[in-house]
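Novice: Next come the chains, spelled out residue by residue.
2 protein chains.
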Amino acid sequence: MQALLNQSNGLLKKTASIGCQRGLASMSEAIKERIRCPSMLKKVTNNPEDVTKHLFDDMRMGWSGFTGVGYPKVVPEMMAQHVEKNNLKGKFGIHLVIGASAGAAVHNRLAKLDMLKFQAPFQNAKDVKTCINTGKTNFADTHLSKFPVDLLYGYYALDKKVDPEFPLDVGVLEASAITEDGLVIPTASVGTSNIIGQVSKKIIIEINTAEPSFEGMHDIETENPPNCGPLMIKSVGDRIGTKGMKIDPSRIVAIVESTTPDKTPNNTKPDAKSQAIANHIVDFFNQEVKAGRMPKSLYPLQSGIGNVANAVVSGLVDSPYENVTVFTEVLQDCFLDFFDKGKLDHASATSIRLSPDGFKRFYANKDKYAPRITLRSQHISNSPELIRRLGVIAMNTPVEFDIYGHVNSTCVMGTRMINGIGGSGDFLRNAKYSIIHGPACRKSKNDKFGITTVVPMVTHCDHPEHDLDVLVTDEGLADIRGLAPRQRVDRIIDNCAHPVYRPILHEYYDLAYDECLKRKAAHEPQLLDKAFKMTLNLQKNGTMRIDNWN
Amino acid sequence: MQALLNQSNGLLKKTASIGCQRGLASMSEAIKERIRCPSMLKKVTNNPEDVTKHLFDDMRMGWSGFTGVGYPKVVPEMMAQHVEKNNLKGKFGIHLVIGASAGAAVHNRLAKLDMLKFQAPFQNAKDVKTCINTGKTNFADTHLSKFPVDLLYGYYALDKKVDPEFPLDVGVLEASAITEDGLVIPTASVGTSNIIGQVSKKIIIEINTAEPSFEGMHDIETENPPNCGPLMIKSVGDRIGTKGMKIDPSRIVAIVESTTPDKTPNNTKPDAKSQAIANHIVDFFNQEVKAGRMPKSLYPLQSGIGNVANAVVSGLVDSPYENVTVFTEVLQDCFLDFFDKGKLDHASATSIRLSPDGFKRFYANKDKYAPRITLRSQHISNSPELIRRLGVIAMNTPVEFDIYGHVNSTCVMGTRMINGIGGSGDFLRNAKYSIIHGPACRKSKNDKFGITTVVPMVTHCDHPEHDLDVLVTDEGLADIRGLAPRQRVDRIIDNCAHPVYRPILHEYYDLAYDECLKRKAAHEPQLLDKAFKMTLNLQKNGTMRIDNWN
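Just so you know, the protein sequences line up as chains X and Y, in that order.
At position 206 of the first sequence the residue is numbered 516 (our numbering), and the sequence of numbers has no breaks.
At position 331 of the second sequence the residue is numbered 641 (our numbering), and the sequence of numbers has no breaks.
Since the hints were derived computationally from the structure, they do not count as laboratory data.
Hints may be right or wrong, so weigh each one.
Given that identical chains are not distinguished, each listed pair holds provided it fits within a single copy or across any two copies.
Unchecked claim - Once the Cα atoms are required to be at most 27 Å apart in a straight line, the calculated BS3-like pairs of lysine-lysine come out as: (1) 579 x 670; (2) 363 x 399; (3) 363 x 446; (4) 583 x 828; (5) 556 x 676; (6) 446 x 670; (7) 840 x 830; (8) 758 x 830; (9) 556 x 840; (10) 828 x 422; (11) 556 x 544; (12) 753 x 828; (13) 840 x 755; (14) 670 x 840; (15) 828 x 342; (16) 850 x 840; (17) 828 x 840; (18) 651 x 470; (19) 511 x 556.
Being a predicted model, the structure only gives us computed values, none of them experimental.
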């Protein structure tokens, strides 16, 4: 392993651009080492035509990849070049599903060539977002636990043109290795790969030799839902499957070598607001432990991606909690610190997405970290069954939330898609503690406090009021457990909203309550002609601070 | 059993009013037969003061009961009379939780005396609704699978005044019997009773001798979440627990006899619209079976309460499907027909709520029906774990849904609570087939087609777009599986909306798309200043049919 690691680190430095080495007729030593199944070695090719001959306009394609790691790098580039070379822009569109998201550069490349007719279930790339929000790409945003299962059920192949046996025409899976008995070993993420491997008519595998092998870190389920029996996972590190994916070899039409590592962004330091949010959350945990509702090892943690998530976990690293576990989608750098402090026992996820420095650190100490990490398929990592059973603490970031606790996680001003719901619904609906956190306000073009996170009514609802326990901003924390809507209002406004918005929101509630009471309809007071006035004011006048509710 | 049955049928006829027989010093033969544990017999009383001495203003109370069956009848009446007799109206309020809902008459009685300060997690009684919608009662509407668990976690006891060990001051549980070893056997529903039995400081049991015993029909889990291990249920009839509830005898402070059966409404015949909806759904099942996505025995059925649900199930009774199973919350009369036809193998639920005629039929053939029915706690009957595993077909009724597939299940015009979300979120989020169904439009005061079920944007969101597969009205069925928001619009409008609303909704979408496209924000087009115009027009002018979108 150490030899491989050194070699790969070398490659990591040398490799500058995407792509396989064309014209290189012979196989690299690296790929020979990774493919231990002789019959599979015969499928290795470096000729783009061996790949592009399987691709066609209007095809349904599935990629490995989750939150920008473990995605294919070679085939997408071959496909893009194929479109450019043959002047196919506008004539070569695909229906693309990815576990969650590919690296932004690779995904953007296709978007810029107008190749994305359809995308599911998530994305996180600027040009893809533009295609979605300008009507070019149909984006089916959906729960990450549900997507692979629906794909398996044929729900993405209802179009009569599609072969019902194979909802996907071509699956492209990045892999670390293929074992002696043909098991395909994923790289830094599992995502939907195991299902894509089952439902694709043809499969192309990219063996990534630029990264050390992740062999041994995955736990791949061997049964499909429904009626697959209970998931026999009682603690976060339990295993129920095999170390790789079983894929019908007759459907593997090509194997290519990929010499490009995952491109992930660098970490940024938590800002003051993130730190304040993290402090409120750690205080809350302290209170819960003191009250006996949480053990000293906490409950398994789930945490979204980003600065606040990093700050919260960093806050916990410096807290008195020990023997902590993690049951989440994505592992970020902060969890390495947690391991290093000896406070984190085990982490379960579907992807490990570190910064470039984080990956270096991880590879350099892989023997220490890898046995404490289990990478699962996303319908297992995000399974409602497991999230409820384990009593997970879920922490996610909203676009906005309202005075009753409804949350918008996806669409700015109700209509512009950012990334997608991801796993937030899986976790918030089923967690023992459902927490959302974000800054109380953000600046707009012409107002330092122009955009409030706390609004009268969310402009798009992803998480209904029934799903939330705790709402946090840098201003404070609102614990709404066990409360009726009208009881939540003061707590949410006074603890979470920025002070400049508190009187505005209180006035709205008072007006709404009076008006609804007249109609004997005041369970959850709203004024349907004014509920979005603050957002409309932002569109027109650049700030959500309004002068009055008239 | 037959003797008991005859005796009970007799009681059923004789008993006219609620209440225990006061002044009757000796115990009835019936109750002696039901309480087989000698130490428990000592706790039987007919003296209201033995009960009311445990009750006090501002108390937290938990009742058995789910959808109007298995709820206490004697203690609530004693409590109401206590308030009347002592002029305590306005001075004796309680925080009440009920599995789901009590019989309307009993619940309304407390509402009329202004006794309900707080109510969770559901209700279905006219005067209770009025209290909720006029600000008198705080109603914490929540998922029925989550409620008992949150109660157990202490989330309804965060108030510092509450003893954290006992979130409830008094639990009142209706029971069929108490066994030799002290197991308390529920009646027609389990609901939250097992948890209420654990978290109540004092417990009062009502032995219902007006109904035959339900002993043997229940499966009561023996472990509490979290970390309770997988629920080892692989088919709807599997059992994981015991036949009754284990309750610490030292906390049982009184046992009373109840001689009043559950008061349930009569069935009404399905109207033409319900029949049309049912036909669309049966056609859809036929299509799915033909496509190989559904077996001939279907998947376990969940169905809400009401006419449409009855019509759908009746439609299935006359269909070619056999060996069908049911995994639902509530069993209605239609399932008896299903059993009688020999087509239904087993039904799992948390309550059996039949019409008065249905109960007669059930009791008369109990030996036939009972072994094929399993009654579970509501966090098991509605468990996301089991709903996903079994691949349930979920069918529920909306207040309204929008052109993108968001669903309002609870609040008319966004603010007036009807009953609560109930189990609809548990089932729709996790089912293999998530179906909602309702009439395309309803009449308003001044327009035969005044209220449309299909709207531009729901005024309250209980089920986000990500949760739905199929939307049905009497007009038709929209299959939105695997589609992006913009792809769903035509299908929902053209298949589900009433013809008079189709041009209005199409025009809205076109305007919204154009406007959002200008801002590059057209993933899910909406006009925030017009989205609720149809509902506002209903409030002002009595119809949702508007002349224009200006």
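Novice: At 27 Å max between alpha carbons, let me know whether residue 670 reaches residue 840 within a copy, between copies, both or neither.
Specialist: Neither, since 52 Å and 53 Å both go past 27 Å.
Novice: Which holds for residue 583 with residue 828 at a C-alpha limit of 27 Å: within a copy, between copies, both or neither?
Specialist: neither (41 Å within a copy, 33 Å between copies)
Novice: Is the C-alpha distance from residue 511 to residue 556 at most 27 Å within one copy, between copies, in both cases, or in neither?
Specialist: within (15 Å within a copy, 54 Å between copies)
Novice: Should residue 556 paired with residue 840 be assigned to within, between, both, or neither, using CA atoms and 27 Å as the limit?
Specialist: neither (56 Å within a copy, 52 Å between copies)
Novice: For the identical chains here, do residue 363 and residue 446 meet the 27 Å Cα criterion within one copy, between copies, both, or neither?
Specialist: within (26 Å within a copy, 70 Å between copies)
Novice: Checking residue 579 and residue 670: alpha-carbon separation at most 27 Å within a copy, between copies, both or neither?
Specialist: within (18 Å within a copy, 70 Å between copies)
Novice: With 27 Å as the alpha-carbon cut-off, assign the pair residue 850 and residue 840 to within, between, both or neither.
Specialist: Both ways: residue 850 and residue 840 sit 15 Å apart in one copy and 15 Å across, limit 27 Å.
Novice: Please work out whether the CA atoms of residue 556 and residue 544 approach to 27 Å or closer within one copy, between two copies, in both situations, or in neither?
Specialist: both (25 Å within a copy, 25 Å between copies)
Novice: Have a look at residue 753 and residue 828 and pick one of within, between, both or neither, based on CA distance no larger than 27 Å.
Specialist: Between copies only: 23 Å across chains, 37 Å inside a chain, cut-off 27 Å.
Novice: My question is about residue 840 and residue 830: at a cut-off of 27 Å on alpha-carbon distance, are they close within one copy, between copies, both, or neither?
Specialist: both (19 Å within a copy, 24 Å between copies)
Novice: Can you give me the call for residue 556 and residue 676, within, between, both or neither, at a CA distance of at most 27 Å?
Specialist: Close inside one copy (25 Å), not across copies (50 Å); limit 27 Å.
Novice: Quick one: residue 758 to residue 830, C-alpha cut-off 27 Å, is that within a copy, between copies, both, or neither?
Specialist: between (39 Å within a copy, 24 Å between copies)
Taken one by one, the earlier hints fail for this structure at numbers 4, 6, 9, 14, 15, 18, listed in ascending order.
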